[in-house]
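Enquirer: Residue-level listing of the chains:
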Amino acid sequence: MKAQMTKTALALLAALGTQAVNAGQLTIESWRVDDKDLWEQEVIPAFNKANPGIEVSFSPTAPTEYNASLNTRLAGGTAGDLITCRPFDVSLELYNKGHLADIKDLESMSNFSDVAKGAWQTDDGSASYCMPMASVIHGYFYNTEIFEELGLDVPETEADFFAVMDKIKAESKYTPLALGTNDGWETHQIVYTGIGPNYWKGEEGRKALISGDAKMTDANFVAPLAQMAKLGDYLSRGYEAQTYGDSQNLFALGRAAIYPAGSWDIAHFNTNADFKLGAFKPPVPASGDQCYISDHTDIGLGINPKSENRADAEVFLSWLASKEFAELYTNKVTGFFSLSDHQISIDDPVAAEMIGWRQQCESTIRLNAQVLNRGRDDLETTFWNAGQGVINGTMTAEDAAAKVQSILDK
Amino acid sequence: MTKAGRFPWHIVVFVLPGFFIYTLFSAWPLLDTLILSFFDQNDTGARWFSGLDNYRLVLLDPDLSAGFWNALWNNFKFFLVHVLVQNPIGLMLAALLSLKDLRGARSYRTLIFMPTLLSVVIIGFIWQLILSPLWGVSETLLEAIGMANYFDAWLGKESSALLTLALISVWQFVGIPMMLIYASLLAIPEELLDAAYVDGASPLRIFWQIKLPLILPTLGLVTILTFIGNFNAFDLIYAVKGALAGPNFSTDILGSFFYRTFFGFQSSLGSPTLGSTVASLMFLVILAGVMVYFWLVQRRLHRYQL
Numbered sequence: 000m001k002a003q004m005t006k007t008a009l010a011l012l013a014a015l016g017t018q019a020v021n022a023g024q025l026t027i028e029s030w031r032v033d034d035k036d037l038w039e040q041e042v043i044p045a046f047n048k049a050n051p052g053i054e055v056s057f058s059p060t061a062p063t064e065y066n067a068s069l070n071t072r073l074a075g076g077t078a079g080d081l082i083t084c085r086p087f088d089v090s091l092e093l094y095n096k097g098h099l100a101d102i103k104d105l106e107s108m109s110n111f112s113d114v115a116k117g118a119w120q121t122d123d124g125s126a127s128y129c130m131p132m133a134s135v136i137h138g139y140f141y142n143t144e145i146f147e148e149l150g151l152d153v154p155e156t157e158a159d160f161f162a163v164m165d166k167i168k169a170e171s172k173y174t175p176l177a178l179g180t181n182d183g184w185e186t187h188q189i190v191y192t193g194i195g196p197n198y199w200k201g202e203e204g205r206k207a208l209i210s211g212d213a214k215m216t217d218a219n220f221v222a223p224l225a226q227m228a229k230l231g232d233y234l235s236r237g238y239e240a241q242t243y244g245d246s247q248n249l250f251a252l253g254r255a256a257i258y259p260a261g262s263w264d265i266a267h268f269n270t271n272a273d274f275k276l277g278a279f280k281p282p283v284p285a286s287g288d289q290c291y292i293s294d295h296t297d298i299g300l301g302i303n304p305k306s307e308n309r310a311d312a313e314v315f316l317s318w319l320a321s322k323e324f325a326e327l328y329t330n331k332v333t334g335f336f337s338l339s340d341h342q343i344s345i346d347d348p349v350a351a352e353m354i355g356w357r358q359q360c361e362s363t364i365r366l367n368a369q370v371l372n373r374g375r376d377d378l379e380t381t382f383w384n385a386g387q388g389v390i391n392g393t394m395t396a397e398d399a400a401a402k403v404q405s406i407l408d409k
Numbered sequence: 000m001t002k003a004g005r006f007p008w009h010i011v012v013f014v015l016p017g018f019f020i021y022t023l024f025s026a027w028p029l030l031d032t033l034i035l036s037f038f039d040q041n042d043t044g045a046r047w048f049s050g051l052d053n054y055r056l057v058l059l060d061p062d063l064s065a066g067f068w069n070a071l072w073n074n075f076k077f078f079l080v081h082v083l084v085q086n087p088i089g090l091m092l093a094a095l096l097s098l099k100d101l102r103g104a105r106s107y108r109t110l111i112f113m114p115t116l117l118s119v120v121i122i123g124f125i126w127q128l129i130l131s132p133l134w135g136v137s138e139t140l141l142e143a144i145g146m147a148n149y150f151d152a153w154l155g156k157e158s159s160a161l162l163t164l165a166l167i168s169v170w171q172f173v174g175i176p177m178m179l180i181y182a183s184l185l186a187i188p189e190e191l192l193d194a195a196y197v198d199g200a201s202p203l204r205i206f207w208q209i210k211l212p213l214i215l216p217t218l219g220l221v222t223i224l225t226f227i228g229n230f231n232a233f234d235l236i237y238a239v240k241g242a243l244a245g246p247n248f249s250t251d252i253l254g255s256f257f258y259r260t261f262f263g264f265q266s267s268l269g270s271p272t273l274g275s276t277v278a279s280l281m282f283l284v285i286l287a288g289v290m291v292y293f294w295l296v297q298r299r300l301h302r303y304q305l
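From first to last, the protein sequence lines are chains A and B.
Residues in the first sequence are numbered from 0 upward in steps of one, following numbering that gives the first Met the number 0.
Residues in the second sequence are numbered from 0 upward in steps of one, following numbering that gives the first Met the number 0.
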């Protein structure tokens, strides 16, 4: 018995010994709690097929906690090897503190466009600290069955949009729009920066705001807020206490017709809703106007310089830039669109529809993501409170814009 | 027999473990926080002494101080609701429970005390569901008694969110004042009550003029415990409204304000030094409250030898 155990132990040791040549362990920090299964069952096994011997674990933290707890872990030296990067300043700050390695010279970085890389570069472009992974696109989802039942067409202009919602409100038991203001962030990140680019002309307006040539109180920045002020009438009763999860459920259960969405919601509704999902882009002010969409560079992946497996981490990043990953990620993690230049095919019809908007419309990123969020006051949360206040009717569009501008002025 | 006046080593031996643990886990972190609040730091983590600069920022700076004063004022409202609702209800329940021939007193006692034992996360989740305008039962219940019109998204409105959260907290913690008051009511000697009864005092008069003065020290204790608990509160707000304490910071109290300052939130990054300042201010507020209580209230309380 004892001899047998010794044998087994020796065999195990031998097995370990052969692997130990390049066996590394990598831990990925992320806020994508929803994707845990996909990473563990699809992405990591695919990576291991090409690169056996590197053990990767995916360890996500809830989105609202992520920045704070990652900071704490990085400062304490307990963070993982690979860091999922928020775009722009949050990651730039990490890089400046020495918590992200410069990966500009990684060969695989050439697979990404400058726009994609721009979200994770120093202002002068001299260093890149995260590999672009995916962007999200914003628009509206609709329940095709409700639209058919009521004989509705997909709205093109703002006027169409409100006509459609009026009709749903007057002629059916459905809630026109599944949106709540309890959490606040949707009102800004999905609604305001989703519908707004049509008014401030995408990049043009965004850059003017950064340079100071435009002000939040200008008509083209107030107009989307004014549109939001009208939304309150079309939400379900008590929307002030409706959470993001409530909105998702309301729409998935078929009780609401339209849902302001980020493309990441596709995966959720594919599993939770039993009707056919449709998507339309944010309505333009007038028929024939050039359309703009919020195509937000949202996720990157960088290396923790304190990682003990730097070489393995670089192997993982190189694989991240491959066509294989682009195809796998875009199709499995539905709603996140790979940023690499590879030509890939997309299976999901709604995801294909949304990525198709890139051809019809001009892309821009979320209004305040770049540069503007810098400074002591938290512009982002001010925007959330502004969106919340405008939809709740406790703040006028003009006051909300003025409040945001007062912070920009500092 | 040993020599009188020998150094009492046994006292040292008995005190040391407690002293050690208290110093390590309570006194030292508190002291360190107070020290840190006088420092400032830059992006690289280098720290330097900055005197009262942080305090000036938190208390007076036009941009930053608004958040602090808002949180402090909300915290006072939160405390006030507890004093005005939780403690009177606790007193009433304790008085009812101490009635001699109340049937099922033990079951009531256990049931009312039960929520105190539950995790705040569970309490927050349950009440969010109960009050949810979409799936909650409260609208249906109000409908059943013909008051559906009074239903509102209480947790989501600036005007009512803080009050609602305070009442949820009252519901959870009402068992503690009840138990403390109940215990001191039981400690009142029978002879006193019998004497009052023989003298012809009505039950109400016995309560107001015999029992209540005797339990006043306990009421004072309950109030100061509530004060300390409320000004350290954080968990319920965080569980229900998140770190942003919305809508529009209307449910922001010192605990959640501290969390955002120390750990950061979304695009704003946390600052350990500024966070320490907020934590020190919380400590000072509580210290001031407790001192006021000891000097103005405790000393005037008349204790009766029972």
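In case anyone wonders, no lab produced these hints; they're calculated from the structure.
Treat the hints loosely; a few may be bogus.
Said to hold, decoys possible - In silico DSS-like cross-links for lysine-lysine, where the CA-CA straight-line distance does not exceed 27 Å: (1) Lys206/A with Lys402/A; (2) Lys76/B with Lys168/A; (3) Lys275/A with Lys172/A; (4) Lys96/A with Lys229/A; (5) Lys96/A with Lys116/A; (6) Lys331/A with Lys275/A; (7) Lys103/A with Lys168/A; (8) Lys156/B with Lys229/A; (9) Lys48/A with Lys35/A; (10) Lys402/A with Lys103/A; (11) Lys402/A with Lys156/B; (12) Lys172/A with Lys99/B.
What you are looking at is a predicted structure, and each value in this text was computed from that prediction instead of being measured.
Enquirer: Each of the hints needs a verdict: does it hold here or not?
Expert: Okay, the hints, checked on the actual structure:
1. Lys206/A with Lys402/A: Since the Cα atoms of Lys206/A and Lys402/A sit roughly 20 Å apart, the hinted pair holds (cutoff 27 Å).
2. Lys76/B with Lys168/A: violated (39 Å)
3. Lys275/A with Lys172/A: holds (19 Å)
4. Lys96/A with Lys229/A: Status violated; Cα separation ~44 Å.
5. Lys96/A with Lys116/A: Holds. Lys96/A to Lys116/A sits at ~20 Å (cutoff 27 Å).
6. Lys331/A with Lys275/A: holds (19 Å)
7. Lys103/A with Lys168/A: Roughly 53 Å between the alpha carbons, so the hint for Lys103/A and Lys168/A is violated.
8. Lys156/B with Lys229/A: Distance of about 18 Å is within 27 Å: holds.
9. Lys48/A with Lys35/A: holds (19 Å)
10. Lys402/A with Lys103/A: violated (39 Å)
11. Lys402/A with Lys156/B: Roughly 20 Å separates the two Cα atoms, so the pair holds.
12. Lys172/A with Lys99/B: Violated, at about 56 Å.
In this structure, the earlier hints numbered 2, 4, 7, 10, 12 are contradicted, and the remaining ones agree with it.
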